[in-house]
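Undergrad: Sequence:
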Amino acid sequence: MIEYKNRELWTYFFTKPRSYYNKYMYEMVNYPDYLIFDREEIENNKSKWNEVYDNKNTDIYLEIGSGSGNFSIELAKRNPNVNLLCDELRLKRLVYSARKAKKEDLKNIKYIKYDANNLTDFLSENEISGLYINFPDPWTGQEHKRMLGEKLLENLDVVLKKNGKIFFKTDHDNYYESVVELINKSDKYEIVVKTDDLYSNEKLLENNIQTEFEHLFIHKLKIKIKYIEIIKL
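Just so we're aligned: the sequence shown equals residues 1 to 233 in the UniProt record's numbering.
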């Protein structure tokens with residue numbers, strides 16, 4: 001069995017040994033410049049994330065649920081002077097993302113495998129300047145599990161800088177409406193941009209980066225994309 005930092009590799013991903021492991025688990029060690037999956041290492045970087053990038057003392061933007069990396073890679077290419085920290089749980093998606101980042105020789109992007117429900121475990125006060133959440137699971141029937149909700153805002157009260165922004169995209173009508181309602185009730189956050197049909201707004205589309213899901217929704221399923229920008233007061 002492959003070891004990593006004097007531990008068997010599987011112990012970073014599973015609580016018990018298995019007879020078969022996801023093949024992408026073995027590839028996780030091949031991209032040390034882009035992938036961090038050791039929970040202790042991730043938590044030890046709290047308050048020190050800029051030190052792990054070539055860019056020092058610059059803005060850090062977090063993406064939760066970064067998928068296979070199409071969005072984050074393009075964002076990193078367009079913004080070489082900021083650092084991107086991208087959180088994803090699925091090993092295949094993490095490996096795909098790291099491959100793309102390595103191919104582009106990007107120096108301002110890192111991918112981590114961590115439960116993003118607890119941002120304050122790995123981010124310190126005012127450590128990020130913005131947050132991207134693209135097409136999160138709407139958890140229909142179990143709405144309390146949604147990523148963008150009261151608990152996330154409580155975490156962002158700590159880790160997001162004043163005037164930092166949340167960028168949210170969804171194809172789900174109820175999720176969009178619930179976020180609008182949530183922010184309208186808050187005295188700490190304010191909606192600065194919102195639309196229930198992103199692709200009807202040429203100005204917003206100028207800087208839009210299409211995700212994998214987004215391409216599917218607009219070209220095959222013909223679903224309108226909802227978009228919200230939120231600022232921390």
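Please keep in mind that the hints were generated in silico from the structure rather than gathered at the bench. Small disclaimer: the values here were computed from a predicted structure and weren't measured. A virtual CB, placed ideally from N, CA and C, is assigned to each residue, including glycine. Misleading hints may appear alongside valid ones.
Computed Cβ-Cβ distance ranges for the label pairs, DEER-style [stated by the list, open to error]:
# : residue 1 : residue 2 : range
1 : I209      : N6        : 36 to 44 Å
2 : K203      : V29       : 42 to 50 Å
3 : K56       : E212      : 15 to 23 Å
4 : L205      : S19       : 42 to 50 Å
5 : T120      : S200      : 16 to 24 Å
6 : D121      : K161      : 13 to 21 Å
The calculated DMTMM-like cross-link candidates involving lysine to aspartate or glutamate, where the alpha carbons are at most 20 Å apart (straight line), are [what the hints assert, rightly or not]:
#  : residue 1 : residue 2
7  : K145      : E104
8  : K165      : E74
9  : K220      : D197
10 : K5        : D54
11 : K165      : E143
12 : K151      : D197
Undergrad: So which hints don't hold here, by number, going up?
TA: 3, 5, 7, 10, 11, 12
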